[in-house]
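Participant: Protein sequences, first through last, are from chains A and B.
Numbering of the first sequence is given in the numbering used here, commencing with residue 21 and proceeding in unit increments.
Numbering of the second sequence is given in the numbering used here, commencing with residue -3 and proceeding in unit increments.
Honestly, I wouldn't trust all of these hints.
Claimed, not checked - Restricting the straight-line Cα-Cα distance to at most 16 Å, the calculated cross-link-like pairs of lysine to aspartate or glutamate (EDC-like) are:
(1) K188(B) <-> E487(A)
(2) K170(B) <-> E199(B)
(3) K226(A) <-> E559(A)
(4) K170(B) <-> E192(B)
(5) K188(B) <-> D566(A)
(6) K170(B) <-> E9(B)
(7) K374(A) <-> E57(B)
(8) K96(B) <-> D273(B)
(9) K96(B) <-> D266(B)
(10) K188(B) <-> E490(A)
(11) K374(A) <-> D566(A)
(12) K170(B) <-> D140(B)
Calculated directly from the structure, the hints in this document are not laboratory data.
Please read all numbers here as calculations on a predicted model, not as lab measurements.
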Amino acid sequence: MTPSSSIAAPGATPAPEEHHDHHPSYLVDGTTIKSWLLTVDHKRIGLMFLFWVLLFFLVGGIFALLIRVELLTPGPTIMDAMTYNRTFTLHGLVMIFLFMIPAIPAVFGNFMLPLMLGAKDVAFPRLNLLSLYIYLAGAVLALWGMLNGGLDTGWTFYTPYSAHTTTTVAPVLFGAFIIGFSSIVTGINFIVTTHTMRAPGITWFKMPLFVWAIYATSCIQVLATPVIGLLLVLVTVENLFGFGMFDPARGGDPVLFQHLFWFYSHPAVYIMVLPSFGVMSEIVATYSRKNIFGYRAVAYSSLGIAFVGFFAWGHHMFVSGQSTFAGGLFGVLTMLVGVFTAIKVFNWVGTVYKGAVEFKTPFAYFCGFLFFTVFGGMTGIALGTVSLDVAWHDTYFVVAHFHFIMVGATIMAFLAALHYWFPKMFGRTYHEGWGLVSAALIILGFNATFIPQFLLGNNGMPRRYYEYPERFQALNVASTAGATLLAFGFIIIAMYLTYALIYGKASGKNPWRSKGYEWLSESPPPTHNFVGPQPVFPEEPHFYVDPKKAEVPDAV
Amino acid sequence: MSELLNNILFLPEAASTFAERIDTLHHFVVGTTMVMSTAVGMAALFFFFRYRRRLPAQATEYIVPTLKTEFLFVSVPLVFFLTWFGIGFRDFTWVTTPPKDSMDVYVMGKQWMWKFSYPEGPNGVNVLHVPANRPVRLLITSRDVLHSFYVPAFRIKMDALPGRYTQIWFEATKPGTYQVLCTEYCGLSHSKMLAEVVVLPQEEYENWIQEQRRGRLQDRQDALADNSLVPPVARMVEQGQVLAGTQGCLKCHSVDGSQHIGPTFLGMYDRVEQLEDGQTIRVDEAYITQSMMDPGAHLVAGYQNVMPTYQGKLQGPETAAIVEYIKSLRTPNVREGASEGPAYDAIQ
């Protein structure tokens, strides 16, 4: 079975055996520590990002569990109020800046983008390595600040509180500022790679949808990240020297902070979910063996979300004292994001229509993803309905909503990508049974954690509460139980994937029989991705039509 | 029916006119959402089962949506989303524009308590008394960091910002006691920044206010009161008059209508002023506050930009007292009498 033969031009990918000795996989091409730490290979950089991202996910996850345990009882349970405030700040900061924003672009984007474009590497390999070290430097500084003195402002750093608090604001903010540069550098690298390094045959509308999603994400990163960078510097200066930019006692404006903050942080939500949408487009096509239903609609809607996402930030500020008219404007624009997301959902379901579905672990995550996106998206629309937001704003309803769409969808996509591309990255397979069991456990645990939080929000429980009135307890206990289930799911995954990494069976080149472009090279790929001359890609990705019956599709 | 839905959705008792509007829209949105999500989910599940793979490398048909299909994908959600938005924005406009005859209460957030001042006295900490079935406008500010005033039973919420007044109004429909929570993170004891709204029938409210004016604080009020926060003069207008004198306002602003360095206070409230830049502005609490803190922001035509800022010189309650004093110098063009609904027509 050579799935590539019908797509690649003859001679483009010689049989692997011939060149095996001369072209070892990227994993074994150089085994010294130095060969890893100073590598410019996008695949190795992707793997190193994977290591750090997983580590920070563990840190953020442990703090999430501490929060849930604290909220088991209405009063103090395991920590004091200050510790709790620092805990939720650390949970938010680590999860957002160190896990969710880099998770898919820096790991899978780095690894897959050049493969999907038929390129040997990204456009700026050394810059790519630099982005890893910038990320680590920022992470170390931020974590050092959080553990030495701690920060209790919440991840939003709202002024004037962040300008007044005596906790360690400066190093944490400066750390986040540095991490922003990593994000910008990665974004620029991906944009240039997409523009200049596509192999012959890969026109814009033959690019895999994952590339479209990463491209749209990179545009947001490059345009929005500088704003929060400047903002973080301003707050640091305000906190250290009493700058007076945001403090009304010195003539500043606290609402200005919120405008600048959400101008980045709202698009940042799409930095987190757009790559997930891309991963899911690949996975649904592979496992239902179908071309994407409405390829162009899905591609354009990524750009649409990226664009409109810049004009919806004010929906975080409906009750901040901004004008009624501004509330209305931001409300309408928020609805448009919902429409673009709906287009994607309908087209994914359409892709399964008349497909050939194989229900493997990544597809199980696709199901979970579909549910979280629809439910999270719909509650987002409900929150964009201005008058309803007056009631829900800053309650647990919002917490549940953004965990569903931002965290739920991203985690589903991250795990789906990890399972889908595991054979590609390591050339080994994992135990399918354990995969399905843990997927079920995680989807169940996630729902059990966050559905009670929607109800808590309806009932009126504000977020960031260390203590709460007794009527909220039952739902909090349910949520904590769900979080425990979720943790078990992750432990199981960690165990069988580590096992597979060491003892897993060889997967072969293309275990899913996918017609995604990245499967055309070896698994794991050699250092320069493709052996022999420049590969050629005459067909669109995920073209599963029987060659004997194939009508050449019209360019729709 | 709606009672049952409220129980399923864990909604607290609906005790204001706004709450009833919110809950109706909430049921509509949640209902439609559930039906549509279920439909999409069922379709997906049906496809997973109906089109399961039978051969390892099965070929499929090349299917692309027609323009009509894509149009449906876009227009159906758009119509629903915009409908919800339309209703929601109408209600939002309604709740942010208080009726003219609403009763005013000043609310000040402070780490970590709520202080309430009635223009005609009294003051109180952490307990707000209001009459039932009467619009109450809250003028909200903060003494330190951001807070947010939230009454779940009324479904209302508004941020408290230092150096600025925000407003929201409600009309409580049922006598009773309702919880007030702070929903903007404000530091160590954020979750202890609780207060309550006591809604009294009109008659009892009148009695309560009479008692307060005689100087007899209720026991609970007494226990919760922080004396440092209660200004010496209970009536804000009187306090404002004293402050206007001691702070030097009256050196430039007359109170009898005569022209001076600054515009006269007489009849200033609710007047439409012609500004230096050609625009007009209606003088309300927000404009008066802004003019005290940033006098040059909207200069009335014909006056020099000579007023110093009072930012940092006046505390929240003092600002409120001066605003109340200016409001007390009314002229007949401030309409009084029975409510005719919101000041601005809600968008239909």
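Participant: Hint by hint, note whether the structure agrees.
Facilitator: Hints, verified against the model:
no.: 1; hint: K188(B) <-> E487(A); result: holds (7 Å)
no.: 2; hint: K170(B) <-> E199(B); result: holds (14 Å)
no.: 3; hint: K226(A) <-> E559(A); result: holds (8 Å)
no.: 4; hint: K170(B) <-> E192(B); result: holds (14 Å)
no.: 5; hint: K188(B) <-> D566(A); result: violated (67 Å)
no.: 6; hint: K170(B) <-> E9(B); result: holds (10 Å)
no.: 7; hint: K374(A) <-> E57(B); result: holds (7 Å)
no.: 8; hint: K96(B) <-> D273(B); result: violated (28 Å)
no.: 9; hint: K96(B) <-> D266(B); result: holds (11 Å)
no.: 10; hint: K188(B) <-> E490(A); result: holds (13 Å)
no.: 11; hint: K374(A) <-> D566(A); result: holds (14 Å)
no.: 12; hint: K170(B) <-> D140(B); result: violated (33 Å)
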